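> When you get a sec, could you build the whole thing from the sequences and use the hints?
One line per chain: the protein sequences are A and B, in this order.
Read in our numbering, the first sequence has 431 at position 43, and its numbers run on one by one without any break.
Read in our numbering, the second sequence has 67 at position 64, and its numbers run on one by one without any break.
Bear in mind the hints are in silico, worked out from the structure with no lab data behind them.
No experiment lies behind these values; they were computed from the predicted model shown.
Cβ atoms here follow ideal geometry from the backbone N, Cα and C, with glycine treated the same way.
Just to be clear, a hint being listed does not mean it is correct.
Said to hold, decoys possible - When the alpha-carbon atoms are kept at most 35 Å apart in a straight line, the in silico DSBU-like pairs for lysine-lysine are as follows:
| # | chain 1 | residue 1 | chain 2 | residue 2 |
| --- | --- | --- | --- | --- |
| 1 | B | Lys-113 | B | Lys-82 |
| 2 | B | Lys-60 | B | Lys-71 |
| 3 | B | Lys-113 | B | Lys-71 |
| 4 | B | Lys-72 | A | Lys-401 |
| 5 | B | Lys-72 | A | Lys-486 |
| 6 | A | Lys-414 | A | Lys-401 |
| 7 | B | Lys-82 | B | Lys-66 |
| 8 | B | Lys-82 | B | Lys-62 |
| 9 | B | Lys-62 | B | Lys-72 |
| 10 | B | Lys-45 | A | Lys-486 |
| 11 | A | Lys-414 | B | Lys-66 |
| 12 | A | Lys-401 | B | Lys-71 |
| 13 | B | Lys-71 | A | Lys-486 |
| 14 | B | Lys-45 | B | Lys-113 |
| 15 | B | Lys-82 | B | Lys-45 |
| 16 | B | Lys-45 | B | Lys-62 |
| 17 | B | Lys-72 | B | Lys-113 |
| 18 | B | Lys-72 | B | Lys-60 |
| 19 | B | Lys-82 | B | Lys-60 |
| 20 | A | Lys-401 | B | Lys-82 |
| 21 | A | Lys-486 | B | Lys-60 |
| 22 | B | Lys-45 | B | Lys-71 |
| 23 | B | Lys-113 | B | Lys-66 |
| 24 | B | Lys-66 | A | Lys-486 |
| 25 | B | Lys-60 | B | Lys-113 |
| 26 | B | Lys-113 | B | Lys-62 |
| 27 | A | Lys-401 | B | Lys-45 |
| 28 | B | Lys-60 | A | Lys-401 |
| 29 | B | Lys-60 | B | Lys-45 |
| 30 | B | Lys-82 | A | Lys-414 |
| 31 | A | Lys-486 | A | Lys-414 |
| 32 | A | Lys-414 | B | Lys-60 |
| 33 | A | Lys-401 | B | Lys-66 |
| 34 | B | Lys-62 | A | Lys-414 |
| 35 | A | Lys-401 | B | Lys-62 |
To be verified - Part of the chain A face toward chain B, derived, beta carbon under 7 Å:
| # | residue |
| --- | --- |
| 36 | Ala-390 |
| 37 | Pro-431 |
| 38 | Thr-488 |
One-letter residues, chain by chain:
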Amino acid sequence: DAGVTQSPTHLIKTRGQQVTLRCSPKSGHDTVSWYQQALGQGPQFIFQYYEEEERQRGNFPDRFSGHQFPNYSSELNVNALLLGDSALYLCASSLFSKGTEAFFGQGTRLTVV
Amino acid sequence: EDQVTQSPEALRLQEGESSSLNCSYTVSGLRGLFWYRQDPGKGPEFLFTLYSAGEEKEKERLKATLTKKESFLHITAPKPEDSATYLCAVQARRPPGTYKYIFGTGTRLKVLA
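Here's what the structure looks like:
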């Protein structure tokens, strides 16, 4: 049983560029959440997708957007990258009807130079 | 405002030296409290879910407990392989359909052989 998979694992982008990160949820899960984790900090909630809609959003600017596909996989897009966007981006999947424990992928390390 | 505070920030133990990590929380109606383990550069690994005060969960050398204001992660006779960052997160009941996690900043545990 495949767990949560994210791609790519590492990425280096230049300030002002755009980036797309991808996530496939754990088998049987229908909800995907994205988190940003800066070095030495706990993960910060970006947004959550269920039934291909954004259901909840954290305190992140509109430069952060996402999408969920019919197969439950998801993308996180960040436009106009800033140096401060450098972080580990984590995808978590869960089952909406239970709304309980989420399982995380290994993350994508984004470095903005 | 929902908030999670973990202490200590860092902890060094000798192998076999038992200790406890603390997670204090303020949340508008607790749906669940979650403990995760995170190794450097990796995604958080699920350990426990606690739902109500008085509940306890155990797994190998780890035991998690919950009161109305805090949770403890007790580590009994730790081994070097228990070295990691331990994250605590809460999930609120309100507003309805709220499934985001609010994380603490974690406790970095180092167990010396």
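> Each of the hints needs a verdict: does it hold here or not?
Outcome of the hint check:
no. : hint                  : result
1   : B/Lys-113 x B/Lys-82  : holds, 9 Å
2   : B/Lys-60 x B/Lys-71   : holds, 16 Å
3   : B/Lys-113 x B/Lys-71  : holds, 28 Å
4   : B/Lys-72 x A/Lys-401  : violated, 42 Å
5   : B/Lys-72 x A/Lys-486  : holds, 24 Å
6   : A/Lys-414 x A/Lys-401 : holds, 28 Å
7   : B/Lys-82 x B/Lys-66   : holds, 15 Å
8   : B/Lys-82 x B/Lys-62   : holds, 14 Å
9   : B/Lys-62 x B/Lys-72   : holds, 22 Å
10  : B/Lys-45 x A/Lys-486  : holds, 25 Å
11  : A/Lys-414 x B/Lys-66  : holds, 26 Å
12  : A/Lys-401 x B/Lys-71  : violated, 44 Å
13  : B/Lys-71 x A/Lys-486  : holds, 22 Å
14  : B/Lys-45 x B/Lys-113  : holds, 17 Å
15  : B/Lys-82 x B/Lys-45   : holds, 20 Å
16  : B/Lys-45 x B/Lys-62   : holds, 21 Å
17  : B/Lys-72 x B/Lys-113  : holds, 26 Å
18  : B/Lys-72 x B/Lys-60   : holds, 17 Å
19  : B/Lys-82 x B/Lys-60   : holds, 20 Å
20  : A/Lys-401 x B/Lys-82  : violated, 39 Å
21  : A/Lys-486 x B/Lys-60  : holds, 19 Å
22  : B/Lys-45 x B/Lys-71   : holds, 31 Å
23  : B/Lys-113 x B/Lys-66  : holds, 18 Å
24  : B/Lys-66 x A/Lys-486  : holds, 24 Å
25  : B/Lys-60 x B/Lys-113  : holds, 22 Å
26  : B/Lys-113 x B/Lys-62  : holds, 19 Å
27  : A/Lys-401 x B/Lys-45  : holds, 20 Å
28  : B/Lys-60 x A/Lys-401  : violated, 43 Å
29  : B/Lys-60 x B/Lys-45   : holds, 24 Å
30  : B/Lys-82 x A/Lys-414  : holds, 30 Å
31  : A/Lys-486 x A/Lys-414 : holds, 15 Å
32  : A/Lys-414 x B/Lys-60  : holds, 24 Å
33  : A/Lys-401 x B/Lys-66  : violated, 42 Å
34  : B/Lys-62 x A/Lys-414  : holds, 22 Å
35  : A/Lys-401 x B/Lys-62  : violated, 41 Å
36  : Ala-390               : violated, 14 Å
37  : Pro-431               : holds, 5 Å
38  : Thr-488               : holds, 6 Å
Checked against the numbered hints above, the structure breaks hints 4, 12, 20, 28, 33, 35 and 36 and satisfies the rest.
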